[in-house]
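Visitor: Chain by chain, the residues run as shown.
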Amino acid sequence: MASGVGVNPQCLSAYQELKLGKKTKYIVFGLSPDNTEVIVLKSSSSQDYDEFLADLPETECRWAVYDFEFEKEGGAGKRNKLTFFSWAPDDSKIKQKMLFASSKDALRRSLVGIAAEVQGTAYDEVAYESVLDKVSRGA
Amino acid sequence: MVNYGGDEVSALVVDIGSSSIRAGYAGDDTPKAIVPTSYGYVKETPSTTEDVTMSDTTEGEESKLASRPRVKLYIGQNGPSLWRENMEVNNPMQNGLIANFDPVNALVSHALKDVMRCDPSEHPILVTEPAWNTQENRERMAEIMFEEFQVPAFYIANTGVLNAFAAGKGSALVIDIGQSTASVTPVVDGFVLRKGLQYSSLPQFVMAHARHLLATPAARRQGISLVPQQLIASKEPVEAGQPPKFTLRQDRVDKTTVSWRKWAEEREVEEWMQSVAGVIDQGYNEQFAHQRGPKHYEFPTGYNYYFNGIERHVVGEQFFHHSRQLVETNPNIPKNLPALITQSLAACDPDLRQVLMGNVVLSGGGSQFPGLADRLNVELTRTFPHVKIHAPGNPIERRYGGWLGGSILASLGTFHQLWISKEEWQEHGRPIVNQRCK
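Chains as they are written, first to last, in this note's numbering: chain A, 1 to 139; chain B, 1001 to 1438.
These are computed hints drawn from the structure, not numbers from a lab.
No false leads were mixed into what you were given.
Straight-line C-alpha distance at most 30 Å; calculated BS3-like pairs for lysine-lysine:
| id | chain 1 | residue 1 | chain 2 | residue 2 |
| --- | --- | --- | --- | --- |
| 1 | A | Lys-25 | A | Lys-78 |
| 2 | B | Lys-1262 | B | Lys-1032 |
| 3 | B | Lys-1422 | A | Lys-95 |
| 4 | A | Lys-95 | B | Lys-1113 |
| 5 | B | Lys-1295 | B | Lys-1262 |
| 6 | A | Lys-72 | A | Lys-19 |
| 7 | B | Lys-1262 | B | Lys-1043 |
| 8 | B | Lys-1438 | A | Lys-95 |
| 9 | A | Lys-72 | B | Lys-1388 |
| 10 | B | Lys-1032 | A | Lys-95 |
| 11 | A | Lys-134 | B | Lys-1388 |
| 12 | B | Lys-1113 | B | Lys-1043 |
| 13 | A | Lys-95 | B | Lys-1388 |
| 14 | A | Lys-93 | B | Lys-1388 |
Let the sequences and hints guide you as you build the complete structure.
Guide: Structure, rendered in structure tokens:
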């Protein structure tokens, strides 16, 4: 079941830049004001994870792709994993939750090469440690 | 081209459950019409036709019905709840599915035309279905909507997915407790994992248990008579625990049908459960239960009693735990909630279990039993480390979660392109329903 919401080509180009350019650290996606397509809200190269968390508002839904970098256990070196976030806080409006949940598939399918997915409704679920735990499993 | 995002689809949303049919305009936050699904009917001699009759179904139906005696249907708020001579009560639902389509037309028509006063041929319509609905059933529903109600467009959506989406989750374990069925539906990326789907008639069992409890004499009270108010002529106030003093309406008793009596008594039990019963959130223990203290309740007969904590909570406990004695004497006992959840998870991929347990969505009127959500949390955290239950605090959101999800979905301008239009139905026929509505 889908909402029929489209994906702005801008989202793909921003994602390609993140994937290939290795400059961008994360992209935050949202819906256009008339709720018809997915657009890029922010594309940042900040290395600070807390800054990324600050871009997930308390009462609004978002999607994001984060280039998650971590040290593999046992000194096996650094790994990078592109992580997809679905952010739907409990306090957001039900209409928004519905819109984002039903439109996620359209965006997610157009992004090739995502290694991990995180579904978050509260900040503890998207905290660095819990994401690290998820991402490093099976790495 | 259609103006996307205008959100002016003016679609209708119909959610058919075993206790009520919810209908309303897409975009609203509450259904406009809530019609009881149970209906009354009286078999009558062919001559009087005034109300809604069964014969105004499809033409094929009519020829079949001709051989049967004509029946007069009584539907809606004044349907089964008003006493009528020789009126039987029936419900078209079985295990959450529509088992008998004959009265569904009349019920939906009542909700849309009589209660909402709208013309279904002018609005696209979104209908919900449980995850275990059959292909035949959904095609039949599409047929009724297009052929009978002449709707311009149709869509059928899964309540499990709608509930998950309404909570903002693409993946979730949806626990839906209704009047007749409790179900556990794993939803992953907007699709139902069919192998993990579990459901049972647990709520019916809980109700039967409560009824038995009331009817059986206990240490300090007699067995309680559940005579409904419609059959009571007069009553006098009595002290708590004393035998009731009431007189029956003898003129009515003889003309009351067994099915109506059963329906009315079940309503009494339900009312008692809703006012008095609960679940001990920390796990059942007689001492805890006793500490909860007594609650007063008066039945239509005038009999009133202070039900102690044990009686009040042993009923809710049936959702979670059946005593060994009960299991031994009753081999067909429906699976309780922990069993449903464990079996559902066992059928899912181990990697998914953690995601599902972190996103449990609780829905349905039966989930509003006091203490149920807390108890579920206690039960689940015992076996899984990261449990998070999403239970909307707003009772409307909880009871009508499926309808609400459908309401939002159908109100989206962008959803417009996904409807099955009348032209498509006429061109492709039944198979298009399964192609489009996945």
